[in-house]
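K.L.:
Chain by chain, the residues run as shown.
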Amino acid sequence: MANKDKLGIQRCTDCKALRHPPRPMCGECRSLEWDAVEASGNGTICSYTVLTHPRFPGYDYPLIIVLVDLAEGTRLTSQLVNCTPEEVDFELPVVMTIQQDADGFKLPVFQLAERA
Amino acid sequence: MPVALKNEAAVAGIGMTDFSKASGVSELSLAAQCVVAACDDAGLQTSEIDGLVSYTLDSSDEIEVARAVGAGDLSFFSKVNYGGGAAVGTIAQAAMAVATGQASTVVCYRAMNGRSGKRMGQGISGDIITSDLVHWSWYMTYGMLIPGSWIAIIANKYMHRYGVTREDLGRVAISQRNHALRNPRAWGYGKALTMEQYLASEPIAFPLCLYDFCQETDGGVAILVTSAERARDLRCKPAVIRGVTQAATGGQEQMTSFYRDELESLPEMEMAARRVYAQAGLGPDDIDAACLYDAFTSEVIMQLESFGFCDRGEGKELVREGALDIGGRLPNNTHGGLISEAYVHGMNNIAEGVRLIRGDSTGQPDKNVEHVLVSSGVGVPTGAIILGKD
Ligand SMILES: [Zn+2]
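Chains as they are written, first to last, in the numbering used here: chain U, 337 to 452; chain P, 8 to 397.
It is possible that some hints are incorrect.
What the hints assert, rightly or not - Distance ranges between label pairs, derived from CB positions:
| hint | chain 1 | residue 1 | chain 2 | residue 2 | range |
| --- | --- | --- | --- | --- | --- |
| 1 | U | 391 | P | 52 | 46 to 54 Å |
| 2 | U | 427 | P | 320 | 14 to 22 Å |
| 3 | U | 439 | P | 207 | 36 to 44 Å |
| 4 | P | 320 | U | 392 | 51 to 59 Å |
| 5 | P | 31 | U | 351 | 55 to 63 Å |
| 6 | U | 391 | P | 256 | 52 to 60 Å |
| 7 | U | 380 | P | 321 | 24 to 32 Å |
| 8 | U | 344 | P | 217 | 37 to 45 Å |
None of these hints come from the bench; they were simulated from the model.
Beta carbons: idealized from backbone N, C-alpha and C, even for Gly.
Construct all of the structure, not just a fragment, from the sequences and the given hints.
P.N.:
In structure tokens form, the structure reads like this:
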């Protein structure tokens, strides 16, 4: 859903369980039916790392990777933008924003809520 | 009544190539060399091999190795998935084959040009067509391409919750380097490591720095498994398999088990511990030395808790007390481990477990070693084995 500037979470149509990463079958009720709900984009930092080496083309280093506890209850790995390595910490509230690269490819990333 | 694996099978031979950063030969050559070396160690002919087991990540298929070494007809061949998580799994499969009569002489091997050939963390390109590649796309898109980037997410949370410091990780790295100083096979041989050097090392994936990472190695290691009864009559003292298991638990992913309630523990390793202790009829107090999988220093501390050597959050205390050192409570990776001997995907840690039982490790502790615990990859579907004296 990122190409529509939205963050989707897979939901079992039958038992309504949310799941990530997406899978074809619901582990709770074995249903093959699913849709997606739009995430609020709000969450908190569950854990993080700061990548400095090796430096792959196409990424800005130091690269802050966050594991976000989404308000809806699932988790998502993403990038924390507009933030320095010294500012990132556990439990900080974050908000999703859509980032578009030079090729037009859109990805959900996060920034600190106080900055959004 | 199902066959119980306790004391049914034993490791009768270990073999390895030189460990280097540029072998100059193919992975198949390394595989063939280490398999022959394991047969030589056991005093068996390669024509007696009737089973071969490796990793799905290994490029040398069983039948290619069989042809290269002149193996006999094969009644058992298999590969185990999930990178270093396969290490103990190969032995588990070999032990099952031996215990059930599917094969009598099974060689497990892992041979890789892990530095000069395909290195870990090179990313994936091309069409995403398998469930495995779909999985990785959730991480690699954001630049999480190296194993350290996945493990760092877990390590950071664990260290934050339990007050584990960079110095604690350094103690693990230095303890293993000290073991490697006695081991001429080891990359770390002759290269002492100080805490100052450790703390000054290059950051890679916070909180992990250069010396928290294992080596990248060209080399091969093979482990020959046969029945405990037969092993008794062979050249080397047998390392009897008291218990061995594979383990994967709910919410398991391949290094990215980020969706469980708690990130600060290793449920699959706790499962491996429960099963391997139950099979062997042993507990943590019975384990005299260990080779805990050490792709990263943080994993060693977490496993001390998984295997019940201390309570949750107390792994750092054991490390601070010097428990992992040669005179400590639990000498660990006495060859230097993946961090300071070589990274042969955990197979070299199993070989060291066998040496400790035989009593001929370069890092042999000055005490009776009756039982050694060895684990497979951390954060992946994994396994554990307890080797014992005959
Ligand atoms: Zn459902």
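K.L.:
Does each hint hold? Answer for all of them.
P.N.:
Here is how each hint holds up against the structure:
1. U:391 with P:52: 46 to 54 Å: holds, 51 Å
2. U:427 with P:320: 14 to 22 Å: holds, 19 Å
3. U:439 with P:207: 36 to 44 Å: holds, 39 Å
4. P:320 with U:392: 51 to 59 Å: violated, 35 Å
5. P:31 with U:351: 55 to 63 Å: holds, 57 Å
6. U:391 with P:256: 52 to 60 Å: At roughly 35 Å between Cβ atoms, residue 256 (chain P) and residue 391 (chain U) fall outside 52 to 60 Å, so the hint is violated.
7. U:380 with P:321: 24 to 32 Å: At 28 Å between Cβs, range holds.
8. U:344 with P:217: 37 to 45 Å: Between residue 344 (chain U) and residue 217 (chain P), where Cβ atoms are some 39 Å apart, the hint holds.
Violated hints, in rising order: 4, 6; the structure is consistent with all others.
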